[in-house]
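Chain order of the listed sequences is W and C.
Residues in the first sequence are numbered consecutively from 1, following the working numbering.
Residues in the second sequence are numbered consecutively from 1001, following the working numbering.
Mixed in with the good hints, there may be bad ones.
What the hints assert, rightly or not - Covered stretches of chain C (chain W as the covering partner; in silico rule of three or more C-beta atoms under 8 Å from a C-beta of chain W):
no.	region
1	1190–1203
2	1208–1219
3	1267–1278
4	1288–1299
Stated by the list, open to error - Distance condition first, Cα-Cα at most 16 Å in a straight line; then the derived EDC-like pairs of lysine to aspartate or glutamate:
no.	chain 1	residue 1	chain 2	residue 2
5	C	Lys1336	C	Glu1368
6	W	Lys29	C	Glu1297
7	W	Lys42	C	Glu1297
8	C	Lys1138	C	Asp1204
9	W	Lys29	C	Glu1287
10	C	Lys1138	C	Asp1217
11	W	Lys51	C	Glu1368
If you're looking for bench data, these hints aren't it; they were derived computationally from the structure.
We treat Cβ as the ideally placed atom computed from N, Cα and C, and that holds for glycine.
Read off the chains here:
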Amino acid sequence: MTFEEAQKELEQIVQRLESGETPLDEALKLWERGEELYRFCKERLDTAEGKIEELASRAEAAKP
Amino acid sequence: MKVEAIDYGDRKVYSVGAFNRGVASWLARLPTVWVEGEVTELRRSDRWASVFFTLKDPQDGSCLGVSMARGQFDALRLELADGARVHAYGRPELFEARGEFRLRALSLERFGLGEHLAALERLKTKLAAEGLFAAERKRPLPLLPARIGLVTGNDAAAKRDVLTAVTTRFPPANVLVAETYVQGPRAAGAVVEALRALCREGVDVVVVARGGGSFEDLLPFSDERLVRAIADCPVPVVSAVGHEQDTPLCDLAADVRASTPSVAGRLVVPDLAQLLERLGRSRAGLERGARRSLDRERRRLDGTHERLARAPRLLLERRRAVLEHSAGRLRALSPKATLERGYAIVRAGEQIVRSGRAVEPGERVDVELAEGGFGARVEETR
């Protein structure tokens, strides 16, 4: 799943939940799924390292 | 000009200076003409009054030295690179002190631009016909690339601009930079190679950035190999080459064209602050939404519970009402009421007497009235 897909699904879930029309069982399931998606997105942002590398030095390092 | 010779008997001999002066004055009578060639060995110094270069004939390699007044040369701002084709307008001249022949240029024009432009136009038409620039080929940029590839020149301000824009907007961005030639005959091949190397390393999007430059400087970015490599790149490419008005062909083949390297940088990453805010809003909405469903269900449950609690009392009251009703009817039907109206109940022993034949004269009976009663003896029967 890409970040975009996760974010899109999350926002759709929120919309459905906010309509207040979902039965409780389903609402709880949606909520659980939403939390999962939120964690996924957050993790993608948190684990990005913020690295700037030069290709040449990478190639150099890759050499035996 | 009259050139003096020295006579040695019947031999006329000229001094070097006289000879040079003679030739120079003769050359000076030749007309000014246009000469076409490629510039090489350009020598220019702020201390010199003239600029020197050699014009070379690309066909047969013939060379011609050229000099031009430095002020005039500088004013033209031609930024001539080695191999640039020019038309030089001037007249032949002999530098008398050294006996060197050259062309004294009065004006200089870059030549071949028209040729280049026409070739470029032909290539553009051909590639457009193949659909290389078609809008439906353009891919959307990933919202959150795991790694960004950057192709740029080695000192380039373009590189700094892209990196600054990327890291300002999205500090945790990962960027893999491929420095390469972005000018000269090796540039096109080098950029193609850099693109491929980045894709091999694994990037989600590539930015090709190069600052502005002369028409010739940017020509590699219209090279057919490079344009095709950009169109064929497995990940989306953002092109930020030259200035707004330049439009090298790579700009047309790229998925997105950015007007400057900074714009390209901002295009390839999301705004982290905005992203976090949006995510936070979603999460809050998630909780709010779930709570809303929960609250509604709880209210419904509470209502049901209340009704449940009320139910037994209600049932009891209803029963009581029914009972009262029955009791009323019961009372209405009791013999007591009948007795009140003046009737009497006659019993013989335990039996209620309903017929005269049920008793004998002289038999004792009990008479019950609405109030009290009395015993009696039967006189006669009928």
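Problem - Structure versus earlier hints, numbers of those that do not hold, lowest first - result: Violated: hints 2, 7, 10, 11.
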